[in-house]
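Participant: Letter by letter, the chains look like this.
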Amino acid sequence: MSHLHTSATALLSFNQVTVALGKRQFGPFTLSIQPGEQVAILGPSGAGKSTLLKLLARELTPASGQAQFEQRSLHDWSLAELSRRRAILPQSHEVAFGLPVDLVIGLGRVARTYDPQLSSIVQQAAEQASAVHLLGRRFDTLSGGEKARVQMARVFAQLWDVEQGLLLVDEPLAALDPGLQFSLMEAIYTFASKRGHAILAILHDINQALQGFERLIFIKHGAMVGDYQTPHVTLPLLEALYEVRLASAVTETGEVIVAPSLKQVAAASLQIVR
Amino acid sequence: MVKSRLFFSQQLTHRPAWLLMLLLILGVWAAATMGAVTITWSDWLAILQGDDEPLSGGAYVLWHLRLPRILFAVMIGAALALSGALTQGLFRNPLADPGLLGVTSGAACAAALTIVLLAGSGIEVPVALRYWLLPATAFAGAVAVCFILDSVARWLTADSIAGLLLTGIALNALAAAVIGLCTYLATDEQLRSLTFWTLGSLAGANWALTTALLLALILAFWALRRLTHTMNALALGEAAAAHVGVNVRALRVRVIMLVAVLCGFAVAWCGMIGFIGLVAPHIVRLLVGPDQRRLAPLAMLVGAILLLLADTAARTVAIPAEIPVGIFTALLGAPFFLILLARMRRGS
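Chains as they are written, first to last, in my numbering: chain A, 1 to 274; chain B, 1 to 348.
No lab work stands behind these hints: they were computed from the structure.
To list a few chain B residues with every Cβ distance to chain A over 10 Å, as calculated:
no., residue
1, A30
2, S56
3, A119
4, Y184
Partner residues aside, some chain B positions facing chain A, computed with beta carbon under 10 Å:
no., residue
5, N93
6, A233
7, A240
8, G289
Computed from a predicted model, the values in this text were never measured in an experiment.
Glycine included, every Cβ here is placed at the ideal spot set by N, Cα and C.
Go ahead and model the full structure; you've got the sequences and the hints to work with.
Facilitator: The structure is reproduced here in structure tokens:
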């Protein structure tokens, strides 16, 4: 728990936030996200990662604790105001009625009552998400990867002319092939770093988290169990998080790759060196 | 590239609007000339001149019977189609129709209860209030069903159209039972007015109702201007709609109120006319796509044309007798619904 920031400069800060869903308690979550920071949330399935993201996105109301966004209580923001500062890339991509792709992307900006740049922003956001060739098509005729691109373009359009906003990402790439995952993640980095947006992403892929994110938050049994700068993350920490033996290897280019150990060797002795 | 495409789509979207408008005007004219009494050009001239002398013959029929009835059909059709388009947008599904979901039978049930219970209790309702009493209770019934659907179906079977339609079936059955009970308790005179609800008819049309309905439609249209684009965002799903800044709960309540007002008016004055709300938005979606900003107004036009056709058929097929228009729309709509189901099955 080494990550201490003064919350005065934080983009988003949670202090002892809890929520109850049915009989399950989640939290307390205490964390703060700085502008421009790139944070990954890791943890086993059902640990409460999505619940944390829903709290951060204001889909859920905390039972206790303080949630602040830009020094204002998260719940004092109107949804329209909030939508101009933060966007969420969802896990599922379905859109009813087969709306045209252009309209879906433009819906990212539906909360703006006066938006003269709309069509040019839709075009540019589509370019950034490599979805230009999909403009003019119906959303329900697209493949899974194409839907992901369009949803991403929608999120880009939402924060296109915003600086230092927040991008919440909910395992959007889990079902896609590796090449596509890579190019979509690249598009998110490029888009966010150009504007100083912070990224907070739930990830399943440990390697993606280690290589692409500067800070990792560990969630287990509905609570935060770790908050580390990526270089401080060790194999035993990850093994404890997932309760699985892990092995690591270093590629020719010096990247560290982590994978579940197939042989039950004492992998705990290996250290991740980055 | 974007510019040229937008221009192209504008052409496409404007042409259907004008064509439909033209079709509607032609339809109104054709419907006015059809019927037991022949209408001549001089009759049109007579009502246009607006002399003080009382109208006679064809001109009388045209002004006092046919025109109010035709305009009433046009506006009820528009109201039903709009409520269908809104319901489908709200529940994110092209099969959601106020009739199938039990909204119209909820309204009819409330109206039936009003007729029977009010007469049973012996309370004398002032004539001026009578026009408004049934719409008000029908509205209450429609609102009740909408909120039950919205909460129960959401709670029992979240996000499943099957669950929504099944809840609709249950509510329809419940409403039918209450209406049945009312028929059982009703006197002969009440029975005649009750039959009217279950079949649906536009025979009650007059200028006063037509004007009132026109006002209601203008209000609905005004409310629509700001609703339609946020309703597009609902297609993303409720969570994502909130993420892009739409206050989903407020939007839902507003849409439900609008649907209930439209259904309440339609049911109170013309009984249960089914399937217009299902068919009209679907035709428009085939013509111009699912963008609610175009869908809602164009669905109103198509609904107007459809109900005008059905009502003209109902008036003229068996002159001098008249067939309830609800029978025609059901004959037209039920097969259409089956085709829709088959298409959806193939699509998914």
